[in-house]
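Peer 1: Each chain is listed here by its residues.
Protein chains: 2
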Amino acid sequence: MDFGHLSKKAPTIQDVAARAEVSTATVSRVLSQSSSVSAGKRQAVLDAIDDTGYRVNRTARNLRTQRSHIVLALLPDIGNAFFSQVLQGIEKVLTPQGLALVVAETKQFNATDEELVNYLQDHRADGVIILDGSLPPQMVAALGDPAQESRIVFACEWVNNSDFPSVRSSNSDGAMQAVEYLYSLGHRHITHVTGPPNNVLTLEREAGFERACNRLGVHYTSITGGFSLDAGVQATKKLFALDSPPTAVFCASDTIAMGLISALSKEGLSVPADVSVFGFDDIELSKHFMPPISTIHQDRIALGTRAACLLLRCLEQGPQPGLVEQLPVQLIARDSCSSLTDSVASYPPMNDISTLGRNVTT
Amino acid sequence: MDFGHLSKKAPTIQDVAARAEVSTATVSRVLSQSSSVSAGKRQAVLDAIDDTGYRVNRTARNLRTQRSHIVLALLPDIGNAFFSQVLQGIEKVLTPQGLALVVAETKQFNATDEELVNYLQDHRADGVIILDGSLPPQMVAALGDPAQESRIVFACEWVNNSDFPSVRSSNSDGAMQAVEYLYSLGHRHITHVTGPPNNVLTLEREAGFERACNRLGVHYTSITGGFSLDAGVQATKKLFALDSPPTAVFCASDTIAMGLISALSKEGLSVPADVSVFGFDDIELSKHFMPPISTIHQDRIALGTRAACLLLRCLEQGPQPGLVEQLPVQLIARDSCSSLTDSVASYPPMNDISTLGRNVTT
DNA sequence: CGTTTTGCTGTAATCGATTTCAACGATAAA
DNA sequence: TTTATCGTTGAAATCGATTACAGCAAAACG
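Going line by line, the protein sequences match chains A and B.
Counting from 1 along the first sequence, just add 94 to a position and that's the residue number in this note's numbering.
Counting from 1 along the second sequence, just add 94 to a position and that's the residue number in this note's numbering.
For the record, the hints were derived by calculation from the structure and aren't laboratory data.
Take these hints with a grain of salt, some might be off.
It does not matter which identical chain is meant; a pair holds if it fits inside one copy or across any two.
[Said to hold, decoys possible] Lysine to any residue pairs mimicking SDA-like chemistry, simulated, CA-CA at most 25 Å apart: (1) Lys-381 - Leu-363; (2) Lys-186 - Ser-322; (3) Lys-201 - Asn-151; (4) Lys-186 - Met-384; (5) Lys-135 - Leu-379; (6) Lys-381 - Ser-433; (7) Lys-201 - Pro-105; (8) Lys-381 - Ser-266; (9) Lys-381 - Asp-109.
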């Protein structure tokens with residue numbers, strides 16, 4: 095590519111120095127306020143900067159200081175609204191620090207080449223925030239030793255058996271809150287439509303779900319899903335195939351819940367009259383869905399800001415292996431879950447009323 | 095910030111040159127394959143690169159070549175799912191060109207300071223793709239003369255009275271298609287819930303809507319809105335306040351349509367039985383909403399790829415003032431709009447049946 | 001066989017900043 | 001008055017690449 099036609103030379107620090115009749119060193123000192131400069135010369139330099147319209151060339155500065163002032167955010171999918179809010183949080187912290195955010199998708203880095211690691215080694219980025227827990231193991235291994243490498247943090251998702259510091263929501267806690275809430279509404283048989291198998295979030299939410307069910311003596315079943323709308327639609331069929339249908343369904347994401355509610359309504363079942371549905375994430379639309387969906391709110395902005403702060407801390411203070419920050423989640427009660435006694439009173443009896451009060455231990 | 099602990103010096107081109115027993119110039123020539131190097135030396139260099147694990151320092155290269163290999167995307171709101179797909183398209187074109195994508199929100203640049211322009215002047219970015227048509231005029235003015243400035247393009251949105259090249263969907267055409275479709279279903283009174291006032295997209299869609307209505311002799315009314323869910327909810331009240339309710343509503347966005355449908359259902363009105371609702375954008379959820387929403391599909395990925403290609407072209411060939419690329423849109427018929435004769439047949443008569451066939455000219 | 005061309009290679013300048021180091025004048029301390 | 005200290009300042013080295021230029025040998029030419 096030929097960009098020759100762009101040349102329109104900007105004033106350099108030399109020009110400023112010449113105009114202010116000082117050395118480039120002095121100009122630089124004024125610029126970075128690193129050491130003292132006499133008031134007179136400082137003003138002369140400031141005036142010269144004004145006159146010439148000088149702007150510091152970041153590339154030159156970066157070369158000299160050995161920093162790129164760039165942070166790379168690695169997402170599984172740029173098109174995902176969930177992550178875009180996290181990015182917003184990251185940006186909020188980075189920008190005031192003079193750091194720019196570069197976003198890229200993990201899929202553009204195949205496991206074989208070292209492109210990802212190169213981003214750091216090439217000084218293309220000072221640090222990386224990874225929002226994808228599904229990186230292939232060999233790629234994670236290539237990232238280096240968490241005890242040595244201080245420029246990588248995980249956010250939202252993470253990788254098991256790895257010590258890179260991370261920020262995440264309290265996923266298992268969220269699932270437990272959901273179960274407790276449904277229990278308080280009288281539900282004693284809950285089905286969990288999970289996220290994709292082996293996903294770390296899926297695992298955490300499943301664990302929380304089962305722990306709470308066991309503790310409260312709630313009968314539970316499980317349907318393997320995914321986080322998509324379609325997974326919710328598919329789950330509906332499996333729901334009908336269950337021996338004894340649940341009175342409530344806890345979905346691993348709001349999107350699943352929407353797919354489920356939508357598919358149920360096509361089958362003539364209404365939510366929450368016939369069955370309660372609970373989501374996870376509190377995406378914007380949940381509030382406006384019909385019915386509005388009860389869910390676990392994740393503070394996506396905070397996830398981003400905390401991750402960015404964590405990265406900053408690593409850059410300043412060195413590696414923080416094993417450090418995990420769990421952000422609290424919040425239960426949002428809306429209309430998609432109803433009290434079982436209420437619905438029994440106002441609607442025909444549940445078809446699984448026989449399971450009420452039945453306790454199950456694993 | 096002290097990043098001293100990060101120092102672990104990477105091999106430089108000097109190290110490679112020494113090891114291969116050639117000059118740095120030769121190494122550089124092998125790297126950039128710009129001019130011929132004898133097979134023997136080439137292999138020696140290649141081996142040395144392998145041995146040392148050398149990686150080119152982009153910052154140094156950027157300084158020397160006067161390019162940053164970075165493109166800045168400016169969004170009104172990073173958290174918006176619509177834009178994140180456009181970004182995906184941009185990325186798809188940029189990455190193979192060795193260009194990285196930096197995203198930033200316009201609101202972080204206030205109109206008074208020149209931060210935005212500085213991005214280009216500082217060599218922090220080689221080019222900028224602006225996805226925000228609501229930039230304050232003085233900021234647009236600060237961007238420079240479109241006939242001179244070859245590093246700025248607009249995408250999705252644009253600024254009136256400005257010659258910067260841009261890529262956009264055929265908004266007015268989409269609105270016209272929507273009207274024609276509703277007309278073909280028998281609707282003769284349509285209300286348009288618009289986007290935010292003065293927005294370029296709002297204006298285009300309004301224009302297309304009115305043109306089609308006038309041409310077909312459709313009675314139309316208009317409610318000022320916004321692109322949000324809430325705007326759809328608010329519009330519902332105004333809809334009821336209309337002298338003669340329409341048989342169909344054309345919304346300037348799918349989100350408006352969802353808010354509207356949701357609010358209508360709370361009022362006991364069902365879509366499309368009582369009123370047809372048409373959207374715009376074809377966001378992912380429209381397909382899964384209840385009912386699935388008829389809409390105008392915008393190819394968001396293509397919007398991104400074309401914008402990136404346009405920027406590349408500007409960078410290579412110089413300014414392209416006034417160049418506008420309009421991407422075709424596509425009508426997607428789903429369940430939220432029904433044939434008027436059908437619904438008249440199967441439901442109680444519309445309350446505005448008196449307006450059928452009534453023509454209005456502006 | 002002399003001359004020109006071609007192909008390859010290295011030296012050194014360059015991009016635009018930061019920073020080390022030495023020097024300088026003025027002030028404080030002895 | 002002499003010496004030590006301090007705050008300022010500039011010259012020059014430096015970051016790590018690219019590239020203009022010149023040199024040189026081998027090949028092509030007349």
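Peer 1: Which constraints among the numbered hints does this structure fail? Numbers only, ascending.
Peer 2: Hints 4, 5, 7 and 9 are the ones this structure does not satisfy, whereas the remaining hints hold.
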